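Chains as they are written, first to last, in my numbering: chain A, 160 to 386; chain B, 160 to 386.
Since the hints were made in silico from the structure, they are not lab data.
Hints may be right or wrong, so weigh each one.
[Said to hold, decoys possible] If you anchor each label on the Cβ, the simulated ranges turn out as follows: (1) A:S331 to B:G373: 16 to 22 Å; (2) A:Q386 to B:K198: 56 to 62 Å; (3) A:Q386 to B:S335: 27 to 33 Å; (4) A:S331 to B:E194: 49 to 55 Å; (5) A:L375 to B:L308: 24 to 30 Å; (6) A:R190 to B:A374: 35 to 41 Å; (7) A:N312 to B:G345: 51 to 57 Å; (8) A:T334 to B:S256: 54 to 60 Å; (9) A:G202 to B:T377: 54 to 60 Å; (10) A:S179 to B:L308: 45 to 51 Å.
Model, not experiment: these values are computed from the prediction.
Glycine included, each C-beta is placed from N, C-alpha and C at the ideal position.
There are 2 protein chains.
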Amino acid sequence: MKVAILGTGMVGQTLAAKLSEMHHEVIIGTRNVAETMAKTAPGPFGNPPFKVWKEQHPATPVVPYAQAAAQGEMVLNATSGGASLDALRLAGEANLSGKILVDIANPLDFSKGMPPSLSVCNTNSLAEQIQRAFPTVKVVKALNTVNALVMVNPNAVAGGDHHLLVCGNDASAKTSVTEFLKTNFGWKNIIDLGDITAARGTEMILPVWVRLMGALKTPMFNFKIVQ
Amino acid sequence: MKVAILGTGMVGQTLAAKLSEMHHEVIIGTRNVAETMAKTAPGPFGNPPFKVWKEQHPATPVVPYAQAAAQGEMVLNATSGGASLDALRLAGEANLSGKILVDIANPLDFSKGMPPSLSVCNTNSLAEQIQRAFPTVKVVKALNTVNALVMVNPNAVAGGDHHLLVCGNDASAKTSVTEFLKTNFGWKNIIDLGDITAARGTEMILPVWVRLMGALKTPMFNFKIVQ
Numbered sequence: 160m161k162v163a164i165l166g167t168g169m170v171g172q173t174l175a176a177k178l179s180e181m182h183h184e185v186i187i188g189t190r191n192v193a194e195t196m197a198k199t200a201p202g203p204f205g206n207p208p209f210k211v212w213k214e215q216h217p218a219t220p221v222v223p224y225a226q227a228a229a230q231g232e233m234v235l236n237a238t239s240g241g242a243s244l245d246a247l248r249l250a251g252e253a254n255l256s257g258k259i260l261v262d263i264a265n266p267l268d269f270s271k272g273m274p275p276s277l278s279v280c281n282t283n284s285l286a287e288q289i290q291r292a293f294p295t296v297k298v299v300k301a302l303n304t305v306n307a308l309v310m311v312n313p314n315a316v317a318g319g320d321h322h323l324l325v326c327g328n329d330a331s332a333k334t335s336v337t338e339f340l341k342t343n344f345g346w347k348n349i350i351d352l353g354d355i356t357a358a359r360g361t362e363m364i365l366p367v368w369v370r371l372m373g374a375l376k377t378p379m380f381n382f383k384i385v386q
Numbered sequence: 160m161k162v163a164i165l166g167t168g169m170v171g172q173t174l175a176a177k178l179s180e181m182h183h184e185v186i187i188g189t190r191n192v193a194e195t196m197a198k199t200a201p202g203p204f205g206n207p208p209f210k211v212w213k214e215q216h217p218a219t220p221v222v223p224y225a226q227a228a229a230q231g232e233m234v235l236n237a238t239s240g241g242a243s244l245d246a247l248r249l250a251g252e253a254n255l256s257g258k259i260l261v262d263i264a265n266p267l268d269f270s271k272g273m274p275p276s277l278s279v280c281n282t283n284s285l286a287e288q289i290q291r292a293f294p295t296v297k298v299v300k301a302l303n304t305v306n307a308l309v310m311v312n313p314n315a316v317a318g319g320d321h322h323l324l325v326c327g328n329d330a331s332a333k334t335s336v337t338e339f340l341k342t343n344f345g346w347k348n349i350i351d352l353g354d355i356t357a358a359r360g361t362e363m364i365l366p367v368w369v370r371l372m373g374a375l376k377t378p379m380f381n382f383k384i385v386q
């Protein structure tokens with residue numbers, strides 16, 4: 160499948176590498192290709208600049224958001240949460256319309272220092288903002304509750320015996336995304352939480368996730384829902 | 160131990176019954192004893208009115224908040240989140256000072272319908288509000304992420320193989336509460352998330368908890384943190 164990945168950070172890089180390995184045709188979208196390729200500073204979590212990744216993955220095209228969105232049959236939003244709405248406006252509603260958009264971003268606000276707060280929460284969520292801004296797009300919130308390495312390799316944590324939470328307004332889009340995540344990444348347990356307003360809940364997991372990462376001293380963990 | 164339980168709802172009733180069974184001296188605090196005993200309507204989750212519980216537990220005293228707080232060596236806040244600060248003011252700082260206060264409440268706001276939102280979150284939490292209002296009290300946030308029946312009987316869910324999250328500014332208070340929860344209720348896995356600001360994270364679990372209850376069709380579940 161042609162998969163457009165918007166965002167060139169740790170999450171975008173990790174998803175692009177894995178989906179290329181799985182023989183999907185990956186198109187990476189960014190705001191300004193020349194600027195993205197010119198960056199030499201490491202990312203906020205110490206990951207290398209995108210140009211290093213690109214040298215290791217020369218076959219993967221890096222194009223402006225609109226071109227990536229136009230080419231992708233499915234679109235993954237791996238931009239930082241604070242930049243997602245702008246990035247999607249640049250991608251363009253016409254290029255996204257009718258497609259599945261997997262929203263992986265979290266509306267983290269680092270402006271007040273660490274740990275981050277959320278720029279939107281409680282009675283709203285980033286995923287809802289995106290769905291309202293692009294009503295013809297099938298927004299599915301997923302993957303935002305785990306580290307990038309866990310997203311593409313859930314078996315690295317407890318043999319994959321833990322849960323991913325998805326939500327969205329379009330039932331068939333959720334079914335497609337669930338199958339996609341199982342087939343490509345090996346997710347075994349995926350719970351559908353209902354419509355897109357459930358993203359309030361999954362985005363609001365972030366503050367406890369950050370605290371757990373501190374207590375456990377690793378980002379390689381996840382929640383298993385037990386009954 | 161003399162344990163004061165503030166609140167006569169489902170959580171207070173469940174905690175009081177279990178701690179009495181464990182031979183603690185339980186004192187239940189409420190705003191107005193006569194009004195509490197006069198209520199005949201069921202609780203918001205269909206639980207019987209307090210007077211029914213009291214008939215089944217005639218030996219457990221029910222007294223005003225201040226009297227309960229004065230008598231308790233440890234105090235459990237099982238009031239509804241929106242009423243907690245008022246209840247604790249009535250309990251009185253002098254009666255609470257130097258004691259451990261286990262804050263179990265969630266700042267749920269039902270005024271906009273279901274599912275509830277939070278009346279405080281993100282850059283603040285109910286537990287922090289309480290700690291700031293009562294600086295000489297040792298506030299430990301705990302138990303707020305599970306149903307009342309799971310609080311006192313974690314073994315009812317997956318044989319107890321799941322996690323409780325605690326936080327607070329006083330390390331020895333957290334140690335005491337952890338031991339108390341293990342000894343009296345059978346909790347096996349308790350993670351200390353750090354200072355009281357971590358309550359932002361544990362209180363913000365509520366929105367996803369409510370959605371999970373809907374998806375799983377039971378409140379008898381919990382999160383197991385797997386690595």
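Hint check:
1. Checked against the hint of 16 to 22 Å, the pair S331 (chain A) and G373 (chain B) passes, with Cβ atoms roughly 21 Å apart.
2. Range check, Q386 (chain A) to K198 (chain B): about 33 Å between beta-carbon atoms, so the 56 to 62 Å window is missed.
3. A beta carbon spacing of about 30 Å between Q386 (chain A) and S335 (chain B) agrees with the range 27 to 33 Å that was offered as a hint.
4. A C-beta distance of roughly 52 Å is found between S331 (chain A) and E194 (chain B), which places it inside the suggested range of 49 to 55 Å.
5. A C-beta distance of roughly 28 Å is found between L375 (chain A) and L308 (chain B), which places it inside the suggested range of 24 to 30 Å.
6. A C-beta distance of roughly 37 Å is found between R190 (chain A) and A374 (chain B), which places it inside the suggested range of 35 to 41 Å.
7. For the pair N312 (chain A) and G345 (chain B), the beta carbons lie near 35 Å from each other, so the given range of 51 to 57 Å is not met.
8. Taken as a hint, the range 54 to 60 Å holds for the pair T334 (chain A) and S256 (chain B), whose Cβ atoms sit roughly 57 Å apart.
9. Range check, G202 (chain A) to T377 (chain B): about 41 Å between beta-carbon atoms, so the 54 to 60 Å window is missed.
10. At about 48 Å, the CB distance of S179 (chain A) to L308 (chain B) agrees with the hint of 45 to 51 Å.
Violation of the numbered hints given earlier is confined to hints 2, 7 and 9; the remaining hints are satisfied by the structure.
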